[in-house]
Amino acid sequence: MNRSALARIPGLPALFGFGCLVVSILAFEILIRAGVINRFIVPMPSQIAASFERVIIEEHLLERFVLTFKECFYAAILITLVGVSLGALLHRVDLLRRATETWVAAAASAPTVLMYPLFLVIFGRSSTTIIMMAFVAGLPPVILKTIEGLSGTRRVLINVGRSFNLTQSQMFWKILFPAAMPTIFVGLKLGLIFTLINVVGVEFLINFGGLGQLINDLAERYDLPGTYAAICFVILVSVVFFVVIERIERWLRPAD
Amino acid sequence: MSVASMATTHTAKTSAQDSAGLLVLDDLSKRFPTPEGTVVAVDHVSLSVKQGEFFSVIGPSGCGKSTLFNVIGGLISEYEGNVTVAGERITGPHPSVGMVFQEESTFPWRTVIENVSFPLEIEGMPKAKRYEKARHFIHMVGLDGFENRYPSELSGGMRQRVSLARTLASEPKILLMDEPFAALDEQTRLLLGDKVLQIQEELKQTTMLITHNITEAVQLSDRIMVMTYRPGKVKRVVDINLPRPRTSEIVGSDAFGHYVAQIWTDLREEASRGLTEDEGRRVTRATR
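Taken in sequence, the protein lines are chains A and B. By numbering that gives the first Met the number 0, the letter at position 231 of the first sequence is numbered 230, and the numbering carries on one by one without gaps. By numbering that gives the first Met the number 0, the letter at position 93 of the second sequence is numbered 92, and the numbering carries on one by one without gaps.
In case anyone wonders, no lab produced these hints; they're calculated from the structure. Hints may be right or wrong, so weigh each one.
What the hints assert, rightly or not - Partner residues are not named here, just some residues of chain B that face chain A (Cβ under 10 Å, in silico): (1) 69; (2) 74; (3) 78; (4) 81; (5) 93; (6) 94; (7) 98; (8) 107; (9) 120; (10) 121.
Said to hold, decoys possible - So the derived label-pair ranges between C-beta atoms look like this: (11) 126/B to 81/A: 26 to 34 Å; (12) 180/A to 184/B: 28 to 36 Å; (13) 125/A to 147/B: 17 to 25 Å; (14) 180/A to 250/B: 40 to 48 Å; (15) 251/B to 247/A: 51 to 59 Å; (16) 91/A to 25/B: 34 to 42 Å; (17) 155/A to 138/B: 24 to 32 Å; (18) 249/A to 172/B: 37 to 45 Å; (19) 41/A to 126/B: 56 to 64 Å; (20) 184/B to 231/A: 53 to 61 Å; (21) 16/A to 128/B: 29 to 37 Å; (22) 147/B to 244/A: 20 to 28 Å; (23) 25/B to 153/A: 28 to 36 Å; (24) 271/B to 150/A: 33 to 41 Å.
Where is the CB? At the ideal position from N, CA and C, for every residue including glycine.
Using the sequences plus the hints, can you model the full thing?
Structure representation (C-alpha cells):
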C-alpha cells in the first residue's frame, strides 16, 4: 500500500497524529529524567499531568476556561462581522480600497498588543479591553482575505450572473460571496489565531480574567507544572475553536 | 451531389434586412483602443438569424468571434451599428438571450439541480416548482441521477451539460454558445453535438454557436458564417443542406466531407494570414 493510500484510511491520520504526540511527550520525559533538558525550566510531562487535578480544583480552572472561551468567542464574532463587511466594502469602493489596503496590510503585521495601555484607559481593566484588543489584532487578515476572495471570483461566473440580469445584491450574495468563501475562511482562521494569542496575551499582561491571568499567577509563584498545565488548556481552547470553524466551513461548503 | 449545388453561398455583404430574423445584426462594428492603436475586432458585420435556426459563426483565432458573442449577449454594450433581438436593440444582457460560455461556468458550491434551477431561483419561483422544472432540463441533457452531485464530482463534458441545462432553464428565445465544447476531446464533442441536436429538435430552439471547429459547425448548423482574420468581417455564409434530424453519424457522409472541405478552404486562407501576422508581431516585439 502506498503512502497516499495510507493517508486515506479513515481515522489513521488522527491516530498517527496522536501517536506522534505521545512519542514526543515520552521523549521529553526521558530527556528531562536523563538531565539533557533542565527540569527547573521544563517540567516533566508526568509532573504536568499530576498537577492537572490541583490546577482544576484550586485555581478554579473551569471558570477561567469559560471566561477565556467567551472572550475569544465574542472577538471571533466581531472579526467575522466587521472584517467581512469591511472587506466587502473595500472591494466595492475601489478608491477606498486603493487608499487603505496598504495600511490594513501594515496593521496585520503590527504588534498591536503593545497598545494595551491605551485600551486600558478607554475600556478599563475588564474583559472589554481584552475582547477589543483581540478584535483589533484579528481584523486585518479577515479584511484582506475577504477582498482577495471577492476580487478572485472567476470572470466567467460574474458573466453568468450578468447574463441572467442579476441585481447588485443578487450578484454579491449568489455569486461573489459563495465564490469567495474558501478564501474568506482562510482569513477567518488567520484572524482567529491572532485573536486567541491576543486574548491570552492581554489577560497575562493586564493580569485579569481567564487562563492568561492564571498562567501569570502560576509563573509568578514559579509553579512550573501548573503553568504548563494551564497552557495545555489554552491549547484546548484553540483546538475547540478550530474544530468548530472547520465544522462551520464544511457545513457552508459541502462541495469541498 | 456537388458542393456547389448543395451549398448556397452568399457574398460578404449579406443584407440583414432581407428577412425578419429573430436576431439581426446590422452593420455591427466594434473597436477597442489599445496602446498600439485602435483594433477593429468586428468590422461591418450584418446577419440575420431566423426563428428556430441553428446558426454558427466560424473563424480563426483573433477574428472577433468572442467579441461578437459578448455584444449579442449584452456583455459589451457599446458598439457601432445595430443588434436587435425580436426588434429590441441590445444594450445590455437581454432576457431573451441565454449564454453558454466556453470556460467551465458551473457554480462549484451548488449541486447540479441547484445550478440548473439558478435562473428560476432568481425569478423567484418556489423551490418545489423550480426543482421540477430543473429536473426536466437535467433529463434533457442526459444527467438523470446526478441531480445531487456537485460539479467537482462530474466530468468536463457533464459540467458543460449542466451549464447548457441551466441556460435552457431560463427559456431564452436565443441560445448563444461560445465554443462550449472546446475543452473536450473529439469523441465527447461529437456525442455532445448529438445531444445539442436532440435538444434543438425538441425545443426548436434558435441557436447561435461560436466555434473554430469545422466538424462541429457542419454537424449542427443550418447556416455557417465564415469570418475573416482581423478585422473580423463576413467572408461567406454557407447554407448546410444536410437532412434533419441529424446525428453524429452524418460525419461519415460524402456531403459532410464536402462541406468541411469547402469551409476549410475559406478558413485556411484566414488562419494562415492570422498565423503569419501573429508571428510577425512576436518577432517585432522580440527585436524591440
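To see whether the hints hold, each was checked on the structure:
With 10 Å as the threshold, the beta carbon of residue 69/B comes within range of chain A, its nearest partner Cβ sitting at about 8 Å, so the hint holds. Annotation: interface hint on residue 74/B holds; nearest CB of chain A at approximately 6 Å, less than 10 Å. A hinted interface residue such as residue 78/B counts as satisfied when its beta carbon comes closer than 10 Å to some beta carbon of chain A; here the least separation is about 16 Å, so the hint is violated. Against a cut-off of 10 Å between C-beta atoms, the interface hint on residue 81/B is violated, since the closest Cβ of chain A lies about 21 Å away.
The criterion of a C-beta within 10 Å of any C-beta in chain A is met by residue 93/B, whose closest approach is roughly 8 Å, and the hint holds. At about 6 Å, the closest approach between the beta carbon of residue 94/B and any beta carbon in chain A falls short of 10 Å, and the interface hint on this residue holds. Given the 10 Å rule on beta carbons, the hint for residue 98/B holds: about 4 Å separates it from the nearest Cβ of chain A. Evaluation of the residue 107/B hint against chain A yields a held restraint, the C-beta minimum of about 6 Å falling below 10 Å.
Checking residue 120/B against chain A: minimum C-beta separation of about 8 Å stays under 10 Å; hint holds. The closest approach between the C-beta of residue 121/B and any C-beta of chain A is roughly 6 Å, which is under the 10 Å cut-off, so the hint is satisfied. For the pair residue 126/B and residue 81/A, the beta carbons lie near 33 Å from each other, so the given range of 26 to 34 Å is met. For residue 180/A and residue 184/B, the Cβ-Cβ distance of about 32 Å falls inside the hinted range of 28 to 36 Å, so the restraint holds.
In this structure the supplied range 17 to 25 Å is violated for residue 125/A paired with residue 147/B, their Cβ-Cβ distance being about 50 Å. At roughly 43 Å, the beta carbons of residue 180/A and residue 250/B sit within the given window of 40 to 48 Å. In this structure, residue 251/B and residue 247/A meet the distance hint of 51 to 59 Å, their C-beta atoms being roughly 56 Å apart. Checked against the given bound of 34 to 42 Å, the beta carbons of residue 91/A and residue 25/B, roughly 37 Å apart, stay inside it.
Checked against the hint of 24 to 32 Å, the pair residue 155/A and residue 138/B passes, with Cβ atoms roughly 26 Å apart. The hint said 37 to 45 Å for the Cβ distance between residue 249/A and residue 172/B, and at roughly 41 Å that hint holds. For the pair residue 41/A and residue 126/B, the beta carbons lie near 59 Å from each other, so the given range of 56 to 64 Å is met. In this structure the hint that residue 184/B and residue 231/A lie 53 to 61 Å apart at CB holds, the actual value being about 56 Å.
Separated by about 48 Å at the C-beta atoms, residue 16/A and residue 128/B break the suggested range of 29 to 37 Å. Taken as a hint, the range 20 to 28 Å holds for the pair residue 147/B and residue 244/A, whose Cβ atoms sit roughly 26 Å apart. A hinted range of 28 to 36 Å holds for the C-beta pair residue 25/B and residue 153/A, which are about 33 Å apart. Between residue 271/B and residue 150/A, the C-beta spacing of about 40 Å keeps the proposed range 33 to 41 Å intact.
Hint compliance for this structure: hints 3, 4, 13, 21 are not met, and every other hint is.
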